[in-house]
Amino acid sequence: MSTKMTRRTFLKAAGTLTAAAALPVGMVEVTRAQKTGDKFTFAYISDAHITQIEGASFVRNFDNGLKKAVLEVNFMDPQPDFVVFGGDLAQLGKREEFEHGLEMMKDLTVPVKWVIGEHDYYLDLGKYWQEKMGPLYYSFDHKGVHFVVLASILTDDEWTHKRWPTPEERMLQMARLDNPNGSPFMVKEEERDWLKKDLEKVGNETPLIVLSHSPLYKIFKPWNFWTDDAEEVQAILKPFKNVTVLHGHVHQVLYNQIGGISFQAFMATAWPWPYPVTYSQLPNMMPVMTVPMNRADPFKERDGTGWGHIQYNGGLVYHYELWENSPRVVRQDSKMKHPEDAEYQDPAIRTPPQLHY
Amino acid sequence: MRKVMSLSILFWLSTLVSLLIAYADPFTEADLKKWNEAFTAVVKEGENLFHSSKLGKNSVSCDMCHPNGSNAHPETYPKFQKQLGKVVGLRDMINWCIENPLEGKPLPADDPKMIALEAYMTYERRGIKLEPGKH
Numbered sequence: 001m002s003t004k005m006t007r008r009t010f011l012k013a014a015g016t017l018t019a020a021a022a023l024p025v026g027m028v029e030v031t032r033a034q035k036t037g038d039k040f041t042f043a044y045i046s047d048a049h050i051t052q053i054e055g056a057s058f059v060r061n062f063d064n065g066l067k068k069a070v071l072e073v074n075f076m077d078p079q080p081d082f083v084v085f086g087g088d089l090a091q092l093g094k095r096e097e098f099e100h101g102l103e104m105m106k107d108l109t110v111p112v113k114w115v116i117g118e119h120d121y122y123l124d125l126g127k128y129w130q131e132k133m134g135p136l137y138y139s140f141d142h143k144g145v146h147f148v149v150l151a152s153i154l155t156d157d158e159w160t161h162k163r164w165p166t167p168e169e170r171m172l173q174m175a176r177l178d179n180p181n182g183s184p185f186m187v188k189e190e191e192r193d194w195l196k197k198d199l200e201k202v203g204n205e206t207p208l209i210v211l212s213h214s215p216l217y218k219i220f221k222p223w224n225f226w227t228d229d230a231e232e233v234q235a236i237l238k239p240f241k242n243v244t245v246l247h248g249h250v251h252q253v254l255y256n257q258i259g260g261i262s263f264q265a266f267m268a269t270a271w272p273w274p275y276p277v278t279y280s281q282l283p284n285m286m287p288v289m290t291v292p293m294n295r296a297d298p299f300k301e302r303d304g305t306g307w308g309h310i311q312y313n314g315g316l317v318y319h320y321e322l323w324e325n326s327p328r329v330v331r332q333d334s335k336m337k338h339p340e341d342a343e344y345q346d347p348a349i350r351t352p353p354q355l356h357y
Numbered sequence: 358m359r360k361v362m363s364l365s366i367l368f369w370l371s372t373l374v375s376l377l378i379a380y381a382d383p384f385t386e387a388d389l390k391k392w393n394e395a396f397t398a399v400v401k402e403g404e405n406l407f408h409s410s411k412l413g414k415n416s417v418s419c420d421m422c423h424p425n426g427s428n429a430h431p432e433t434y435p436k437f438q439k440q441l442g443k444v445v446g447l448r449d450m451i452n453w454c455i456e457n458p459l460e461g462k463p464l465p466a467d468d469p470k471m472i473a474l475e476a477y478m479t480y481e482r483r484g485i486k487l488e489p490g491k492h
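Chains as they are written, first to last, in the numbering used here: chain A, 1 to 357; chain B, 358 to 492.
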């Protein structure tokens, strides 16, 4: 009887729905969250891949993606506490691309936490990035949560320093996702040692959010949906009771749970990437719990791209703002042991475009 | 009579032998190797074009959305392409991508570049069953 909808509860629900439809999702969630305190929202923008054609000419499509994300983050009301940029601001690490991208990013009304991607790194090995955006890896605390930013896109010294005749050639090689002459991403020992030291001063009960460009687990090596020393990094995070890794690079809705660590991917503003299951020649380790995003309609330029915001409330409510597509919400609260799609988790109610082959 | 019969058998046998010579599979291992090398070279050319920033006009390349040619489903063409409102072939979609995301000029259907792109994309889907019309 208690679950039966009376006229009063129907009107109440309808009223909430009407309000929710009229307001940005972020506002609805944050307003509710703020009543109980120590909850906050941050947004993310990722994988903008700003591409110089020549001179002052840049790829219009990718410019439009980043501009749209900046505009929509600025329209969030209340504003998020900060924005994470998930890496790959530039396509080929050129100063012109960084400057053009920064010109758009400077319109953001809240601070930016920068995560470096491989497209930002392999031309000058992070020199310009460190001048303009800041360190390659660092940590900060925010409202009781310890955040760690990692540069997870490093690789072995021989590939980085000896394999290629010029920095431009090295950048081009790393920029090709399906490159058989590529090299797997790594956090590497120096940074892992820093991470251990950084976490020594943090209590195991403190919620931990790790931000990286590549997924800190292994999905598909040929496309670098992969971090080679992921297990070593996971082992460092293991003692913490509440750990979430948020990452870019994969340009898709993707989430996973390994032991006590949950993983969520950022959407790209530039273009969507296929799931590794769509490459039939090699096996992959695509997480089975992920409900895939819809196959993108190439005729709709912004389909399969977007941005997102994350509501921290002890657990995480992860909002994928998908342009040209219904938004997706993935939740992980204290009752759930892994992230779950709020609407489509049950295989029986998935839609035909969610099938990738 | 016996002589006539043996002559007749001999005639038919020789006819059969000549037919076998004329119609047996006429290619050798060397031929197979040569043809495979020619095909592989075209696949390689297709792979280069697929990853080239010069195929279009804005430095965008096919592999940026389709690593290893994935998510292009060559085995489902021809099919009804809902956005074009008619049944089209894979080459029509290749040209659509060249003209739109790559902001370039479409290729003639018999352009060796088009054959090479089709060869690469199809080769990357080898072993997958043909399902024309599938969505």
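None of these hints come from the bench; they were simulated from the model. For each residue, glycine too, the CB sits at the ideal point set by N, CA and C. Possibly wrong hints are sitting among the right ones.
[To be verified] If you want the footprint, here are the derived chain B segments under chain A, 3+ residues with CB under 8 Å:
id	segment
1	468 to 474
2	477 to 488
[Claimed, not checked] Only pairs whose alpha carbons sit at most 27 Å apart, straight line, appear in this in silico BS3-like list of lysine-lysine:
id	chain 1	residue 1	chain 2	residue 2
3	A	K113	A	K127
4	A	K143	A	K300
5	B	K462	A	K221
6	A	K188	A	K106
7	A	K221	A	K238
8	A	K238	A	K196
9	A	K94	A	K39
10	A	K94	A	K143
11	A	K39	A	K300
12	B	K470	B	K436
13	B	K390	A	K94
14	A	K143	A	K127
15	A	K300	A	K218
16	B	K443	A	K68
17	A	K300	B	K414
18	A	K221	A	K143
19	A	K162	A	K197
20	B	K390	B	K414
21	A	K241	A	K188
22	B	K486	B	K470
23	A	K218	A	K143
24	A	K94	A	K241
25	A	K162	B	K462
26	B	K486	B	K390
27	A	K39	A	K127
28	B	K436	A	K94
29	B	K401	A	K221
30	B	K443	A	K300
31	A	K300	B	K401
32	B	K401	B	K411
33	A	K335	A	K238
34	B	K390	A	K300
35	A	K113	A	K94
36	A	K300	B	K391
37	B	K401	A	K67
38	A	K300	B	K411
39	A	K196	A	K113
Structure-based check of all given hints:
1. Given a C-beta distance limit of less than 8 Å, the hint that chain A covers the segment 468 to 474 of chain B is violated, as 0 residues qualify and 3 are needed.
2. Only residues whose beta carbon comes within less than 8 Å of a beta carbon in chain A count, and the segment 477 to 488 of chain B has 5; three or more means the coverage holds.
3. For a cut-off of 27 Å, the pair hint linking K113/A to K127/A stands: about 18 Å separates their Cα positions.
4. For the suggested pair K143/A and K300/A, the alpha carbons sit about 39 Å apart, so the restraint of at most 27 Å is broken.
5. This hinted pair does not check out: K462/B and K221/A have alpha carbons roughly 34 Å apart, beyond 27 Å.
6. Pair hint K188/A plus K106/A does not hold up; C-alpha atoms about 32 Å apart against a cutoff of 27 Å.
7. A threshold of 27 Å between alpha carbons decides the hint, and for K221/A with K238/A the separation of about 23 Å falls inside it, so the pair holds.
8. Distance hint between K238/A and K196/A is fulfilled; the C-alpha atoms sit about 11 Å from each other, no more than 27 Å.
9. Taking the CA atoms of K94/A and K39/A, the gap is near 38 Å; set against the 27 Å cutoff, the hint is violated.
10. For the proposed pair K94/A and K143/A, the alpha carbon gap of about 36 Å is over 27 Å, so the pair is violated.
11. Distance hint between K39/A and K300/A is unfulfilled; the C-alpha atoms sit about 36 Å from each other, more than 27 Å.
12. A C-alpha spacing of about 22 Å is found between K470/B and K436/B, which places the hinted pair at or below 27 Å, so the restraint holds.
13. For the hint pairing K390/B with K94/A, the CA-to-CA distance comes to about 45 Å; that exceeds 27 Å, so the pair is violated.
14. With a C-alpha separation of about 31 Å, the suggested pair K143/A and K127/A falls outside the 27 Å cut-off, and the hint is violated.
15. Straight-line distance between C-alpha atoms of K300/A and K218/A comes to about 31 Å, which puts the hinted pair past the 27 Å bound.
16. Distance check on the hinted pair: K443/B and K68/A sit about 32 Å apart at the alpha-carbon level, beyond 27 Å; violated.
17. Between the alpha carbons of K300/A and K414/B the distance comes to roughly 20 Å, so the proposed pair stays at or under 27 Å and holds.
18. Annotation: proposed proximity of K221/A to K143/A is violated, straight-line Cα distance about 36 Å (limit 27 Å).
19. Annotation: proposed proximity of K162/A to K197/A is violated, straight-line Cα distance about 31 Å (limit 27 Å).
20. Taking the CA atoms of K390/B and K414/B, the gap is near 37 Å; set against the 27 Å cutoff, the hint is violated.
21. Of the pairs offered as hints, the one joining K241/A and K188/A holds, with about 24 Å between alpha carbons and a cut-off of 27 Å not exceeded.
22. At roughly 25 Å between alpha-carbon atoms, K486/B and K470/B fall within 27 Å of each other, so this suggested pair holds.
23. With a CA separation close to 31 Å, the supplied pair K218/A and K143/A exceeds the 27 Å bound.
24. Using a Cα cut-off of 27 Å, the hinted pair K94/A and K241/A is violated, with the two alpha carbons roughly 40 Å apart.
25. Between K162/A and K462/B the CA atoms are separated by roughly 39 Å; this puts the pair beyond 27 Å, and the hint is violated.
26. For the proposed pair K486/B and K390/B, the alpha carbon gap of about 25 Å is at most 27 Å, so the pair holds.
27. The suggested pairing of K39/A with K127/A is violated, with an alpha-carbon distance near 36 Å, which exceeds 27 Å.
28. This hinted pair does not check out: K436/B and K94/A have alpha carbons roughly 41 Å apart, beyond 27 Å.
29. Restraint check: the Cα-Cα separation between K401/B and K221/A comes to about 22 Å, which is no more than 27 Å; the hinted pair holds.
30. For the proposed pair K443/B and K300/A, the alpha carbon gap of about 18 Å is at most 27 Å, so the pair holds.
31. Proximity of K300/A to K401/B is assessed by CA-CA distance (about 31 Å); at most 27 Å being required, the pair is judged violated.
32. Distance hint between K401/B and K411/B is fulfilled; the C-alpha atoms sit about 16 Å from each other, no more than 27 Å.
33. Our distance criterion of 27 Å between C-alpha atoms is met by K335/A and K238/A, whose separation comes to about 20 Å.
34. Taken as a hint, the K390/B and K300/A pair is broken in the structure, with Cα atoms around 44 Å apart against an allowance of 27 Å.
35. Of the supplied pair hints, the one linking K113/A and K94/A holds, its CA atoms being roughly 21 Å apart against a limit of 27 Å.
36. Under the criterion of a C-alpha separation no larger than 27 Å, the hint pairing K300/A with K391/B is inconsistent with the structure, at around 44 Å.
37. Taking the CA atoms of K401/B and K67/A, the gap is about 37 Å. The hint is violated against a cut of 27 Å.
38. In summary, the hint linking K300/A to K411/B is supported, as the alpha carbons are separated by about 23 Å, within the 27 Å threshold.
39. With a CA separation close to 21 Å, the supplied pair K196/A and K113/A stays within the 27 Å bound.
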